[in-house]
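Note that the protein sequences, when read in sequence, are chains P and R.
In terms of my numbering, the first sequence is residues 180 to 410.
In terms of my numbering, the second sequence is residues 545 to 949.
Keep in mind the hints are simulated off the structure, nothing from the lab.
Even for Gly, the Cβ is constructed at its ideal location relative to N, Cα and C.
Certain hints may be false.
Here are some chain P residues pointing at chain R (derived, C-beta under 7 angstroms) [what the hints assert, rightly or not]:
(1) Ala211
(2) Phe269
(3) Ser279
(4) Leu280
(5) Leu288
(6) Pro289
(7) Phe305
(8) Arg393
(9) His396
Keeping only pairs whose Cα atoms sit at most 20 angstroms apart, straight-line, the calculated SDA-like set for lysine to any residue is [as the list claims (entries may be wrong)]:
(10) Lys940/R x Ser257/P
(11) Lys707/R x Gly686/R
(12) Lys266/P x Ala211/P
(13) Lys554/R x Ser279/P
(14) Lys861/R x Ala211/P
(15) Lys319/P x Lys861/R
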Amino acid sequence: MTKIIDLSVKEKIYKSKKSKLSILNNFSLEVAAGEKIAIVGESGVGKSSLLNIIGLIDRDYNGEYTLLGSATNNLHTSELAQWRNQKIGFVLQESALINSLTIEDNIKLPLLYAGSGKKEFKPEDFESVINAIGIKPILKKKPLECSGGEKARAVFARGIIMKPQIILADEPTASLDMENRERIVTLLFKMNREFNTTIITVTHDLEIANRHDRVIHLESNSKCFAGVMKQ
Amino acid sequence: MKIFKFIVSKIFLRKAILGIGVMLLLCMANYITFTAARSILSTFQGYQETKYVNQEGVYIANLDPDSHIDMNIIGENGTQAVYDYLNSNFKYAFYTDGFIVSVPNSDDMEISLGYMNEQYNRLNGFELSQGTDLYFDYQLEGEIPVLIGKGLSKTYPVGSTIKIEESVIGRPLTLQVQGVLKQNAYHSNYYALNSKTYYNFSILIPVNEEFINHASMDIQLNGLMDITLLDTSKEEIANLSEIIKDNLGLRFNFFSQKENYDYFNEYYLHSLKIIFITTFILLIVITCLSVWNALVSVRLMLKDFTINLLVGLSYSKLKRIFYGYFGMIAFINVALISIFTAFNRYGCWLRKDATFATYGLFGLIGMDWLALLSVVASDIIIGIIIVESMLWKIKKVPISLGVLQ
């Protein structure tokens, strides 16, 4: 299987005036294309920090990171932005929508930044995404006019609109009811099945975590991660 | 451009505090800068122009504020006696204006007449755009050489004649256009240097001894109010003061070069300093308010920025968007001030106000353009401070998924 993520973090430090917190000490991760990985652990152990690093949001750490065969440490910020736009999809909590935009504008936001390196995107691609997710009736609504489940699906649609190779999901079902939770997880896994998209999910929900190929358990103050291979 | 339009219309302008707050604060800063810059420039121009007063042996007349004018005891003989004394004992510069007369012209403006003698013309004469300078050895019976403002030159080209019923001499006069003043020729007020009279619709008539002798009491008295004595001394002036007091019952002060110099420096430089310092303090206060306003806006929009950064916006692009947005607001403000100023200047034409009607590109004169330039300069400084503060604030809380939780 093709290795698309090769990450080695010596440490990630958060500094404040009064304290210094070191996490992800000597942490390493290799992910193959099409893998589904769940990251679990208590609050504050560095789950979201890990996602920030994998998602090219945070480069302020001591370590090396190769994504899709390219070393990311020397990439310019505009290149990082382009990679975030085209190669990585973020599926976040349902609150991660811009309230002043309609659901349609929120979903189409990544297309705005696609620029010259834009993948070929046809109107029917958008149609197929919203039909698959079942949010056509709410496209003209603003987020504040939608239910939690509808917003979660809109966030999901935005995350996959560019057909990314990697989806990073940060607690995507945290505030959803059972029905909507199941819908989002099903959609995530459908992307994985149909397009071989790599899925990395941060979750507190062990039931959802266990449905992934691998579960990585991060422990507080640990020098290295505890990883559990399911397969 | 698409991204800029999107961010501005769908995000910035939806947050009134950034959209309207920055606009209003910048508008205030621009207006203050513009007014102060224009005032300082105008005062500086006036100061430069009246420098001729600050020469050794020059004394300028000023009616004592405690001296009461009683027109019943002032007669033509009295003013003539003063001028007889002046002609015999002094070299003096005579200038007075503001006498309105109706002369047909293409802009249908009321025309202001100004009178000056040869000494004044030498000291503080006007620059010409056409024709030749005045000569003063003319006869009242013949054609009197005159200078006219640019606004009259279309109707009365150099060499043409103008017939007027003129109250100062009390009989019809024939004036011959000798020269045309430069566009927007002006004189500053001695006692309010930032205030100017423009001569685009004026006729300047040369004054010689014969003219003074035949002139009405009005012009003789008006001319005395600002008369400038040259190459003289305090002792000689003391006698003149007595003559004026005896003949007109008025007490005049004559300020020496040093007194004038001290007066200008103490009063006008002090005023300029106050204007400059006040403007500077106000600009700092407004800039601080703008920065605060911008930082509050960033806090309110942090989630929106983070989402945009996650899906492909870069910090460098965001920086360009901020500068573009600020530039757009600054451009709108500068345009508004320009339109407002041009409209004010155009108002003088609508009111047929000959002493303030001016010519200029888009209705703005040189002083306005310089003041606008200072507004642009201050906007650049304020813009850099605000945008860099906003970026600092955004980078202080690095984009992370945590912001969205």
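The hints, checked one at a time:
no. : hint                : in the structure
1   : Ala211              : violated, 23 angstroms
2   : Phe269              : holds, 5 angstroms
3   : Ser279              : holds, 4 angstroms
4   : Leu280              : holds, 6 angstroms
5   : Leu288              : holds, 5 angstroms
6   : Pro289              : holds, 4 angstroms
7   : Phe305              : violated, 15 angstroms
8   : Arg393              : violated, 20 angstroms
9   : His396              : violated, 19 angstroms
10  : Lys940/R x Ser257/P : holds, 19 angstroms
11  : Lys707/R x Gly686/R : holds, 12 angstroms
12  : Lys266/P x Ala211/P : holds, 15 angstroms
13  : Lys554/R x Ser279/P : holds, 7 angstroms
14  : Lys861/R x Ala211/P : violated, 33 angstroms
15  : Lys319/P x Lys861/R : violated, 28 angstroms
This entry does not satisfy hints 1, 7, 8, 9, 14, 15, going by the numbered hints stated previously.
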